[in-house]
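Engineer: Chain by chain, the residues run as shown.
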Amino acid sequence: MKAHYFLVRDLLDNQLVDRDKRNLGKIDGIALHVAQGKQTRVTHLESGALILARRLGPRWERIAAFMTRHFGVRKNPVFRVPWSKVTKTGIDIHIDIDGVKSDAFAWEHWLDDHLIGRLPLAHEHIKED
Amino acid sequence: MWGHTFESQKCRTEGLTPLLWGHTFDSTKNPNQRPDPRSARHMHCVDLMRRLWAIAIAFTLACSKQDDSEKLRKSIDSWSATLQLVADARLKNEVRKGFALKTIEAAVDDLERQTAKTTDDRATRLIGVAAKLRQAVEADDRASIAKARGELVR
Amino acid sequence: MSTSKKTEVKLELLLGTRVVDVNGERVGHIEEVLADRDGDELLVTHYLVGRYALFERFSIYHVGIGLLRYLGARGASAKPHRIPWDKMDLSDPEHPRLNCTVDELKSR
Amino acid sequence: MKKFLQVALGVVTGIGGFLEVGSIATAAEAGASFKYALLWAIALGTICLIFLVEMTGRLAAISKHAVADAVRERLGFPFAVIPRTAEIIVNIMVIGAEIGGVCLALKFMTGIEVRVWAIPVTLLIWLTIWAGTLDFIEDATSILGLASIAFVVAAVKMHPDVHAALRGLVPSSPHQDAAHYWYIAVGILGATISPYMFHFYGSGAIEDKWGEDSLGANRITAVLGMSFGAVMSMAVLVCAALVLAPRSIEVARYEQAALVLIPALGRWGLPLFAATLGVCCFGAAMEVSLATAYMTAQTLGWNWGENKKPDKEARFAMTYVIMLLLGGTLLLTGIDPLKLTMLAMALTAVILPLIVLPFVLLLNDQTYVHEHTNGPIGNTVVIVTLVLASIVAIVTIPLEIMGGG
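Protein chains in written order, with numbering that gives the first Met the number 0: chain A, 0 to 128; chain B, 0 to 153; chain C, 0 to 107; chain D, 0 to 404.
Be careful, since some hints might not be right.
Taking lysine-lysine pairs in the BS3-like style, the calculated list, with each CA pair at most 30 Å apart, reads [to be verified]: (1) D/Lys208 - A/Lys100; (2) D/Lys338 - B/Lys116; (3) D/Lys63 - A/Lys84; (4) D/Lys311 - A/Lys74.
Anything over 10 Å on all C-beta distances counts as not near chain D; from chain A, calculated [as the list claims (entries may be wrong)]: (5) His32; (6) Gly71; (7) Arg79; (8) His93; (9) Asp95.
The set of hints was computed from the structure by calculation and includes no laboratory data. As the structure is a computational prediction, the values presented were derived from the model and not from experiment. Glycine included, each C-beta is placed from N, C-alpha and C at the ideal position.
Make a model of the complete structure from these sequences and hints.
Structural biologist: In structure tokens, the structure reads:
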């Protein structure tokens with residue numbers, strides 16, 4: 000891992016990858032801890048529609064908030080990873096968690112259980128290499 | 000030339016979105032939201048875009064009026080030639096009956112649509128010949144197809 | 000100055016916000032945040048505050064700066080301000096403020 | 000040997016995958032209305048496409064990231080959302096047009112109306128993506144797409160005026176009907192430089208695990224594949240110029256375009272036209288739906304891949320299902336497939352700079368492509384062409400919609 004970061008260039012909007020190299024979403028936001036007299040530090044990398052919508056403006060944020068409130072399937076609408084879980088940085092940001100069990104895969108599981116997985120042939124689809 | 004420019008940081012475009020979405024956020028309405036210092040310039044851009052659109056539309060309307068009759072004339076020539084080609088092909092058994100019928104239908108449909116507001120003698124005549132051709136094709140009557148085809152040439 | 004103190008600030012929302020100095024004078028817009036890794040922590044060291052809001056706005060910041068330099072603009076004028084973390088007051092994240100003047104920055 | 004196969008497949012993909020409803024419709028209209036005068040637009044579009052496809056492949060091979068990935072990562076979400084949204088909207092129209100192309104082909108052969116076919120065809124396309132692998136989709140459409148060689152055979156059989164055709168390769172301004180001429184010109188550019196091709200090609204390269212050693216093959220594929228594809232498009236234009244233009248037939252309906260092969264190929268003409276149209280559009284509909292799913296997944300950082308099990312990428316699968324449904328629905332509204340096609344292609348030309356300019360930036364970024372950055376010629380050709388095309392498109396689209404009707 001390198002020592003110096005340009006947070007916007009190197010982290011924000013880059014790909015989050017779990018320990019089995021699964022894509023867990025992009026880094027939609029970065030949480031900083033700001034306190035008087037203490038050096039500002041990066042606490043969490045965040046991912047979620049709510050965070051993305053906020054970047055587009057208040058109206059989109061309201062729409063996203065409404066949608067997540069009524070149709071959300073995640074336990075917490077924002078998926079947060081503490082900085083300490085980051086194991087490798089580059090174009091992709093590797094984190095030491097099991098993505099399939101995490102909230103980042105909530106939609107994947109929900110769609111699979113309720114829709115995609117119920118369609119014929121969904122599981123015989125393709126043999127894995 | 001641009002290679003070195005990427006050594007610093009990522010380009011940002013937070014400010015581009017309001018321009019593209021139009022008036023999605025007029026931040027002055029809600030005192031809790033941060034006032035956008037760039038809104039004046041943003042409004043100016045939107046204004047300019049509107050004006051350009053107005054000019055484009057006016058220009059369009061001016062151009063579209065004049066060549067309606069010219070367009071109809073071309074369209075009649077085009078469909079007349081199409082029907083000849085289809086009749087020939089049907090006589091040589093190069094296209095199926097169904098396709099020939101559909102093409103004749105398309106011709107009549109397109110011409111009727113264009114003459115819905117105006118009357119045009121040539122168009123009316125062509126629609127009449129198309130109807131004859133259609134009957135002939137439907138009945139597999141080669142002589143009548145040839146006759147209708149002859150009428151198309153005139 | 001501000002009534003409430005937020006301890007958590009969203010970096011993505013800081014981007015593009017206008018920064019003023021202690022006298023309320025315009026400095027520019029936040030474009031990038033620099034950080035150094037220190038053990039398990041990632042500590043913010045500097046904020047880059049640029050003056051070419053138009054470039055930044057149209058996502059052509061770097062191309063624009065590159066062109067300017069190519070056409071002979073002075074390096075200094077195109078360079079963003081490099082503001083140390085302790086000079087930036089983020090107690091109101093929507094209105095970041097320097098706790099010094101622009102001139103003080105330059106003299107460093 | 001493996002390299003050779005890769006290139007051969009690429010070339011076949013170029014030939015088979017190049018033609019789709021957009022290029023057939025625009026080339027036929029161009030030939031019918033302006034004879035050879037618009038051949039240059041196909042040539043120019045193809046040169047641009049070669050550069051762009053090569054760039055996409057290079058980016059994928061070196062960085063293992065597709066264009067949509069890199070745009071999001073480099074230029075940020077607030078920018079990325081603009082071209083991607085534009086693409087989704089245009090892609091729905093394109094999918095509608097492609098499904099329409101398949102339905103028309105069936106209509107030509109059976110006489111049964113387009114609307115009747117829309118639902119079964121959409122279902123069949125979905126089923127093929129659902130149950131097929133990427134290789135299957137690529138190979139099947141490429142090989143079946145070779146039916147489009149019929150256009151080249153017909154064009155040669157009719158002995159075109161070679162000198163006139165060569166003159167058409169030089170851009171010229173029209174003697175009459177300038178708005179229509181430029182509208183078709185941008186339509187051709189939009190049909191030739193299809194953005195979905197970049198997502199499909201780049202993502203395919205990642206799925207096929209290309210590396211730095213694939214760069215040579217990538218270059219040859221881009222040049223040969225796209226050039227052969229362009230020959231097919233030009234053949235359609237030449238056939239239309241030889242069959243329709245002398246009879247002053249304009250292409251107002253697809254039925255008229257379908258006549259172009261009959262004088263040269265007789266009773267084989269219509270079935271071959273229908274087969275080419277049907278197969279190419281079927282392939283393109285799959286590719287556009289998949290491309291939309293690829294780019295959406297890459298922009299939002301989901302798992303993606305046509306070769307993965309769907310329970311690990313339900314969102315990816317969901318995206319192409321939704322796209323197909325929307326495209327099919329658009330067709331059911333009874334919209335004229337030819338007008339839909341022409342509009343979709345012209346709109347593509349409008350949004351092209353938005354899609355392509357960022358990735359010209361990326362291909363100069365050493366974080367992604369290391370030392371394999373672009374040269375100045377490629378950059379300039381691509382940027383200038385696309386910006387001009389976009390301006391012309393913005394001017395001609397309102398003219399055509401309101402004037403040309």
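Engineer: Mind checking the alpha carbons of lysine 338 of chain D and lysine 116 of chain B for me, to see if they're no more than 30 Å apart?
Structural biologist: The given pair, whose Cα atoms are some 21 Å apart, holds under the 30 Å limit.
Engineer: Would the least Cβ to Cβ distance between aspartate 95 of chain A and chain D come out above 10 Å?
Structural biologist: Given a closest Cβ separation of 18 Å, the condition holds.
Engineer: At 10 Å, judged by beta carbons, does histidine 93 of chain A keep clear of chain D as stated?
Structural biologist: Label holds. Min Cβ-Cβ 13 Å, cutoff 10 Å.
Engineer: Next pair to validate is lysine 311 of chain D with lysine 74 of chain A; report whether the Cα-Cα distance is within 30 Å.
Structural biologist: Distance ~19 Å between lysine 311 of chain D and lysine 74 of chain A Cα, so the pair holds.
Engineer: Given the hinted pair lysine 63 of chain D and lysine 84 of chain A, is their alpha-carbon gap at most 30 Å?
Structural biologist: The given pair, whose Cα atoms are some 24 Å apart, holds under the 30 Å limit.
Engineer: Measuring Cβ to Cβ, find out whether glycine 71 of chain A lies farther than 10 Å from everything in chain D.
Structural biologist: Since the minimum Cβ distance to chain D is about 14 Å, glycine 71 of chain A lies beyond 10 Å and the statement holds.
Engineer: Histidine 32 of chain A: least C-beta distance to chain D exceeds 10 Å?
Structural biologist: With a cut-off of 10 Å, histidine 32 of chain A remains clear of chain D, as the shortest Cβ separation is near 23 Å.
Engineer: Could you let me know if the closest chain D CB is still more than 10 Å away from the CB of arginine 79 of chain A?
Structural biologist: holds (15 Å)
Engineer: Does lysine 100 of chain A lie within 30 Å of lysine 208 of chain D when you go C-alpha to C-alpha?
Structural biologist: Judged against 30 Å, a Cα distance of about 27 Å means the pair holds.
In summary, the structure agrees with every hint in the numbered list given earlier.
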